[in-house]
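Chain by chain, the residues run as shown.
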Amino acid sequence: MKKFESKKRHVLPGDFITTAPLRLQGNVVLEGKRVIATSIGLSDVSADSVRVIPLTGVYLPKIDDLVIGTIQYIFGNSWFADINSCYQGMLLGQDVFGRGSYPTTSEMKERLDNGDIIYAKIANSDRQREPLISIADQSLGKIDSGELVKISPTKIPRLIGKHGSMIQSIEASTNATITVGQNGLIVVSCDETNGLLKALAAIRMVDEQAHLVNLTDKVKKMLESNGV
Amino acid sequence: MGGREANVVLLDENGIRSDGRKVNETRKVTIKAGVLKNASGSAYIEFGGNKILAGVFGPRDVHPKHMSNPDTGILRVRYHMEPFSVGERKKPAPSRREIEISKVIKEALEPAVMLEKFPRTAVDVYLEILQADGGTRCAALDAASVALADAGIPMRDLVCACASGKAADTLILDVNNEEDQAGQADMPIGYMPNLGKITLLQLDGVLTADEYKKCIELGLEGCKQVYEIQKNALREKYFSSGDKD
Numbered sequence: 002m003k004k005f006e007s008k009k010r011h012v013l014p015g016d017f018i019t020t021a022p023l024r025l026q027g028n029v030v031l032e033g034k035r036v037i038a039t040s041i042g043l044s045d046v047s048a049d050s051v052r053v054i055p056l057t058g059v060y061l062p063k064i065d066d067l068v069i070g071t072i073q074y075i076f077g078n079s080w081f082a083d084i085n086s087c088y089q090g091m092l093l094g095q096d097v098f099g100r101g102s103y104p105t106t107s108e109m110k111e112r113l114d115n116g117d118i119i120y121a122k123i124a125n126s127d128r129q130r131e132p133l134i135s136i137a138d139q140s141l142g143k144i145d146s147g148e149l150v151k152i153s154p155t156k157i158p159r160l161i162g163k164h165g166s167m168i169q170s171i172e173a174s175t176n177a178t179i180t181v182g183q184n185g186l187i188v189v190s191c192d193e194t195n196g197l198l199k200a201l202a203a204i205r206m207v208d209e210q211a212h213l214v215n216l217t218d219k220v221k222k223m224l225e226s227n228g229v
Numbered sequence: 003m004g005g006r007e008a009n010v011v012l013l014d015e016n017g018i019r020s021d022g023r024k025v026n027e028t029r030k031v032t033i034k035a036g037v038l039k040n041a042s043g044s045a046y047i048e049f050g051g052n053k054i055l056a057g058v059f060g061p062r063d064v065h066p067k068h069m070s071n072p073d074t075g076i077l078r079v080r081y082h083m084e085p086f087s088v089g090e091r092k093k094p095a096p097s098r099r100e101i102e103i104s105k106v107i108k109e110a111l112e113p114a115v116m117l118e119k120f121p122r123t124a125v126d127v128y129l130e131i132l133q134a135d136g137g138t139r140c141a142a143l144d145a146a147s148v149a150l151a152d153a154g155i156p157m158r159d160l161v162c163a164c165a166s167g168k169a170a171d172t173l174i175l176d177v178n179n180e181e182d183q184a185g186q187a188d189m190p191i192g193y194m195p196n197l198g199k200i201t202l203l204q205l206d207g208v209l210t211a212d213e214y215k216k217c218i219e220l221g222l223e224g225c226k227q228v229y230e231i232q233k234n235a236l237r238e239k240y241f242s243s244g245d246k247d
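Chains as they are written, first to last, in our numbering: chain G, 2 to 229; chain X, 3 to 247.
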């Protein structure tokens, strides 16, 4: 018998979700005819697919994700960056210096040194290698200033909000520029200290309360109040 | 482990055990998830007199590299007893018993965790026994499951564990230290309730075939009780306000 559940439900690993023959999207597994959750999160059953939105877990690089990374070291013709995942991001020297180039280590160090923070795109992610990242686009590259914040990567979709609504409302009311990485790292820059502190507090709030109702209202209320 | 008390009455004429429990009653179990800020996931369990801390790190890089698997992540477990966890100081170096228990717990968790999405990485589980009072491997396994779920490691089910056994010719649930020392059998069991599969099964003692079947059934009842406590510990951390988004 088909069980169709449209309401989101809290689930734990091993919890039964449905027996309907749906496409398995993420954090679910089929045991016989039963769809079982494999993560702590919210089950999401739609007309043709089922998934669990996780509330905890490490960031797994996906192609085209925008991430914030910190250069760790240079090896061969590539930089290796910490992208807050179990894998390191590999940035080829050719991505920065052009195809067919063979930059020396000191030339590379001059462009991006250990400890530099970059905004990059996941260019390729397969199972056999470290993920390839790229800073070739206009909006990508080294980030010179701002506060670096780390939150759980599972909370990033909530921070961005539907069509960017949550992040835009934080930026609008604090005059801050917020660069969000899908890997849970965020850079906030603002000329006014008050705006900066408010933006950081709003991000903290989303990290702690992403699974609760009325978060948008709570954040709005906090941003409108005078104190932090 | 610990001194042996002479003349402990394991089961009196009313069917009450040395610590006041009935034969099918477990000791008090409390579990708290997310107690270590530096670990990817963690849990603290008190199972009767046992106090155990579980910390999970990963998925993360494997060193040495030759231990990594190109197709899937690997699980590494370290069960370690603190020198002050037992009555007579335990030397900090890993004993043969600790190595065995580390292996057994790893094999009990492997059917549950799904590490195919993390090739070339390792998930490290550290189980530190702060106070031991019989049944530490089961309690440690209970804490490890909660810590793995807290870390966001994909799992088919939580693994719950409880030991059953025999003392004073009677099958009992959740063997404590005295019953382990002076009893006739001790059977730790690890179980995945939603899938109905046993992942850890050991027997130290002698049971008849019939007693063995009944002992397993009794142990599984205990496991299911602990399962609810594990789930509540995770619910308390993640869903505590009760509101859904």
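Be aware that a few hints might be false.
[Said to hold, decoys possible] In silico DSS-like links for lysine-lysine, alpha-carbon gap of 30 Å or less: (1) Lys226/X to Lys30/X; (2) Lys199/X to Lys34/G; (3) Lys163/G to Lys143/G; (4) Lys119/X to Lys67/X; (5) Lys110/G to Lys156/G; (6) Lys163/G to Lys199/X; (7) Lys156/G to Lys216/X; (8) Lys8/G to Lys30/X; (9) Lys216/X to Lys119/X; (10) Lys8/G to Lys119/X; (11) Lys219/G to Lys53/X; (12) Lys34/G to Lys119/X; (13) Lys222/G to Lys9/G; (14) Lys105/X to Lys151/G; (15) Lys8/G to Lys34/X; (16) Lys156/G to Lys122/G; (17) Lys53/X to Lys239/X; (18) Lys221/G to Lys239/X; (19) Lys226/X to Lys151/G; (20) Lys8/G to Lys233/X; (21) Lys8/G to Lys156/G; (22) Lys63/G to Lys226/X; (23) Lys239/X to Lys30/X; (24) Lys105/X to Lys216/X; (25) Lys216/X to Lys9/G; (26) Lys63/G to Lys119/X.
[Unchecked claim] A short list of chain G residues far from chain X (calculated; beta carbon distances all over 10 Å): (27) His11; (28) Glu32; (29) Ile64.
[Unchecked claim] Chain X side only, calculated, beta carbon under 10 Å to chain G, not exhaustive: (30) Glu48; (31) Asp63; (32) Lys67; (33) Gly75; (34) Arg78; (35) Arg237.
Please keep in mind that the hints were generated in silico from the structure rather than gathered at the bench. Beta carbons: idealized from backbone N, C-alpha and C, even for Gly.
- prompt: Can you list which hints this structure breaks, lowest number first?
  reply: 5, 6, 7, 8, 9, 11, 14, 19, 22, 25, 27, 28, 30, 32, 34
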